[in-house]
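So the protein lines, in turn, are chains U and F.
Counting the first sequence from 1 gives a position; the numbering used here is that position plus 34.
Counting the second sequence from 1 gives a position; the numbering used here is that position plus 34.
Treat each hint with caution, since some may be false.
Identical chains share a label here; the pair holds if one copy fits it or two copies do between them.
[As the list claims (entries may be wrong)] List time: in silico BS3-like cross-link candidates among lysine-lysine, alpha-carbon distance up to 30 Å:
{"hint": "1", "residue 1": "LYS61", "residue 2": "LYS217"}
{"hint": "2", "residue 1": "LYS140", "residue 2": "LYS205"}
{"hint": "3", "residue 1": "LYS78", "residue 2": "LYS322"}
{"hint": "4", "residue 1": "LYS64", "residue 2": "LYS205"}
{"hint": "5", "residue 1": "LYS301", "residue 2": "LYS61"}
{"hint": "6", "residue 1": "LYS211", "residue 2": "LYS64"}
{"hint": "7", "residue 1": "LYS277", "residue 2": "LYS169"}
{"hint": "8", "residue 1": "LYS135", "residue 2": "LYS239"}
Quick caveat, the hints were computed from the structure, so don't treat them as lab data.
2 protein chains.
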Amino acid sequence: MIISEIKSFLEEKRSIVERALDQYFPKGGKYGKRVLDASLYSLKAGGKRIRPILCLMGYELYKPNSEDILPFACGLECIHTYSLIHDDLPSMDDDDLRRGKPSCHKAFDEATAILAGDGLLTLAFELFTHQDLIKRVNPSAVIQAINKVAKAVGLKGMVGGQMADLLAEGKRGSLKKLHWIHKHKTVAFIEASLVSGAILASAPKDEINILSRFGNKLGLIFQIVDDLLDLLGDEKTLGKPIKSDLKRQKLTYPSILGIEETKRITKELTNEALTNLEPLGERAKLLKDLTLYLSERMN
Amino acid sequence: MIISEIKSFLEEKRSIVERALDQYFPKGGKYGKRVLDASLYSLKAGGKRIRPILCLMGYELYKPNSEDILPFACGLECIHTYSLIHDDLPSMDDDDLRRGKPSCHKAFDEATAILAGDGLLTLAFELFTHQDLIKRVNPSAVIQAINKVAKAVGLKGMVGGQMADLLAEGKRGSLKKLHWIHKHKTVAFIEASLVSGAILASAPKDEINILSRFGNKLGLIFQIVDDLLDLLGDEKTLGKPIKSDLKRQKLTYPSILGIEETKRITKELTNEALTNLEPLGERAKLLKDLTLYLSERMN
């Protein structure tokens with residue numbers, strides 16, 4: 035019951051985000067149009083749009099009109115897509131498939147894929163300062179939200195995490211290092227997506243802290259379940275070959291702790307995440323359902 | 035006389051910018067430290083720091099305390115450095131040397147260089163929203179300046195220009211296409227660097243328009259002189275092999291119009307740029323001297 039409710043909520047938000055992505059993606063491009071085509075190809079290749087949805091959910095905890103922050107939410111998806119395009123490159127994870135379709139450098143070429151990633155990352159910040167957002171949201175809150183996201187995906191966030199992930203390949207690694215990699219590569223951005231929405235809604239400081247703690251748990255659940263699905267999932271549903279982590283000797287929770295212990299930890303994290311939300315009471319219902327839904331993916 | 039004055043002005047500003055870059059570059063990085071090392075390697079490889087200096091000059095036309103916007107100015111240099119790192123990659127311009135030193139992917143490796151570029155681009159937006167800036171500059175002006183820069187370096191700016199530049203290699207091209215490429219790849223960012231400084235100082239709209247027209251001329255002079263120096267310059271002074279454009283059959287002004295006609299156009303553009311500045315009177319003296327200085331580089 036919970037599952038079908040949250041699924042239809044996510045579906046509804048996903049279609050709102052996708053319409054907004056269409057609306058805000060730049061048109062034209064003339065002699066450089068190829069890079070717009072490549073960016074749009076990857077941006078529209080599907081995906082759960084979970085980061086923009088988390089941003090809208092963070093905002094809706096405090097204000098009803100979340101369409102006001104759609105440009106910001108779309109910017110988050112641009113950043114996510116850029117990170118996938120660059121991660122797939124031959125010198126990085128060298129993945130030919132993404133969501134069941136050729137990855138960007140396969141559908142276009144390497145130079146175009148690098149530029150498409152660069153362009154999407156830049157587009158994010160153009161959208162974060164889009165006039166449709168600015169005329170409706172407090173400018174200081176916008177700046178604070180941009181800073182939060184930039185830190186989460188920067189040299190000491192997602193980019194640093196991807197660097198460490200590459201360096202850890204094929205090596206024995208500790209749980210401590212793996213935790214650091216996940217926290218930087220995935221968790222910080224998921225946490226920032228939720229928290230930026232609350233910041234844009236001028237949420238009280240103490241509740242931002244609550245959401246931040248919860249977001250860190252949710253992000254970790256998300257990543258660990260991804261690791262499990264790579265081992266146990268179905269290629270068709272995932273749209274990419276399974277066991278790619280194993281092949282590349284990636285550091286993952288199952289590779290260090292085994293499948294059963296990883297499942298146990300996920301359940302523990304899920305309980306902790308739900309406990310984090312207690313102070314928000316009934317308002318946090320959707321976030322609770324989302325947590326249960328995401329942690330159920332592994333079964 | 036003019037030349038030695040502007041040279042010492044540029045030198046002074048350059049050292050202020052470089053101190054600020056040291057101050058604002060993130061420390062630490064733990065398991066991902068390699069990407070911070072690579073970013074810093076390229077950021078500190080030298081260069082004229084012309085974009086941050088133009089930003090400070092745009093600000094100083096209206097307000098004296100340009101140290102207030104140093105985080106923003108440093109962000110512009112981060113973007114410039116990211117663009118050089120990615121342009122040098124094997125799948126792009128494939129340059130092994132940059133400013134007399136191994137380019138980033140040679141000193142480190144390709145994956146690290148891609149990530150270093152990504153990290154520097156992201157760091158720019160972290161610096162554009164740095165609290166040292168925010169506590170001193172009007173937040174709406176900051177947002178407007180970020181939007182200006184993001185557009186200039188994005189899919190329909192610098193990134194689109196680099197795409198078109200790559201696509202034009204080895205092909206016959208029109209002056210119209212070359213102009214489009216230069217405008218997008220180089221000029222828009224130089225113009226935005228100057229104009230963003232004026233925006234941060236809350237300059238009047240009509241003067242921002244004047245600076246924008248001037249900045250477009252200055253950027254074009256800058257690029258054309260670069261094209262000429264690649265043909266006529268000295269490898270030691272440039273820190274890279276000359277005639278690389280010729281080798282890669284790049285579309286340049288000299289390749290289409292010849293050297294003499296290109297020099298004539300540069301002089302014409304210089305006069306137009308100086309005329310653009312007339313309405314600003316004595317306040318524009320430094321910008322005028324800078325224009326003359328940059329256009330003299332070709333002799």
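A quick look at each hint next to the structure:
In this assembly of identical chains, LYS61 and LYS217 lie within 30 Å of each other by CA distance solely across copies; the values are 18 Å between and 36 Å within a copy. With identical chains, the CA atoms of LYS140 and LYS205 are at most 30 Å apart both within one copy (28 Å) and between copies (24 Å). When the C-alpha separation of LYS78 and LYS322 is checked against a cutoff of 30 Å, the pair qualifies only within one copy, where the shortest distance is 28 Å, while the shortest distance between copies is 47 Å. Taking the closest pair of Cα atoms, LYS64 and LYS205 come within 30 Å of each other only across two copies (17 Å); inside a single copy the shortest separation is 46 Å, beyond that limit.
With identical chains, the CA atoms of LYS301 and LYS61 are never at most 30 Å apart, being 45 Å at best within one copy and 36 Å at best between copies. For the homomeric pair LYS211 and LYS64, the shortest alpha-carbon distance between copies (10 Å) is at most 30 Å, but the shortest distance inside one copy (46 Å) is not. Taking identical chains as interchangeable, the C-alpha atoms of LYS277 and LYS169 are never at most 30 Å apart, the minima being 47 Å within one chain and 49 Å between chains. With identical chains, the CA atoms of LYS135 and LYS239 are never at most 30 Å apart, being 42 Å at best within one copy and 47 Å at best between copies.
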